[in-house]
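Chemist: Sequence:
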Amino acid sequence: MIIFSEADNGVGCGGGRSCVPVSEMDSQNLSYNAGQAKGQAQEKASSMMDKANNVAQSTQDSMQQAGQQMKEKAQGVADSVKSATGMNN
Numbered sequence: 001m002i003i004f005s006e007a008d009n010g011v012g013c014g015g016g017r018s019c020v021p022v023s024e025m026d027s028q029n030l031s032y033n034a035g036q037a038k039g040q041a042q043e044k045a046s047s048m049m050d051k052a053n054n055v056a057q058s059t060q061d062s063m064q065q066a067g068q069q070m071k072e073k074a075q076g077v078a079d080s081v082k083s084a085t086g087m088n089n
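Residue numbers (full-length UniProt numbering): 1 to 89.
Simulated from the structure, these hints should not be mistaken for lab results. Careful: at least some of the hints might be erroneous.
[Unchecked claim] Per label pair, the in silico range of CB-to-CB distance:
{"#": "1", "residue 1": "88", "residue 2": "68", "range": "45 to 51 Å"}
{"#": "2", "residue 1": "85", "residue 2": "65", "range": "29 to 35 Å"}
{"#": "3", "residue 1": "49", "residue 2": "73", "range": "32 to 38 Å"}
{"#": "4", "residue 1": "66", "residue 2": "39", "range": "36 to 42 Å"}
{"#": "5", "residue 1": "51", "residue 2": "85", "range": "32 to 38 Å"}
{"#": "6", "residue 1": "56", "residue 2": "88", "range": "54 to 60 Å"}
{"#": "7", "residue 1": "25", "residue 2": "46", "range": "40 to 46 Å"}
On a predicted model such as this, the values are computed, not experimentally measured, just so you know. The beta-carbon is built from N, C-alpha and C at its ideal position, and this holds for glycine as well.
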């Protein structure tokens with residue numbers, strides 16, 4: 001199979017424009033480079049997803065801690081009111 005490369009900086013082949021055949025080695029190199037780029041993009045996407053998951057988990061943990069602290073403070077206030085009004089007996 002012969003693949004043609006645009007010799008005129010992306011204007012396109014045909015219509016009187018010159019095209020040069022890409023050798024089999026060039027074709028393999030292009031394919032290899034495309035595969036490398038795809039792999040790197042997938043790795044970066046995976047890394048970004050891991051970071052997003054870590055942020056989400058950290059946020060969830062912080063919210064749970066804040067909720068627990070609010071619950072403990074509310075219980076303390078309730079106990080104080082009961083004690084002050086003599087309902088703690």
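Chemist: Now, for every hint given, state plainly whether the structure supports it.
Modeler: Evaluation of the provided hints:
1. 88 x 68: 45 to 51 Å: violated, 23 Å
2. 85 x 65: 29 to 35 Å: Given range 29 to 35 Å: holds, Cβ gap about 31 Å.
3. 49 x 73: 32 to 38 Å: holds, 36 Å
4. 66 x 39: 36 to 42 Å: holds, 41 Å
5. 51 x 85: 32 to 38 Å: violated, 51 Å
6. 56 x 88: 54 to 60 Å: violated, 42 Å
7. 25 x 46: 40 to 46 Å: violated, 31 Å
When each numbered hint is compared with the structure, violations occur for hints 1, 5, 6, 7.
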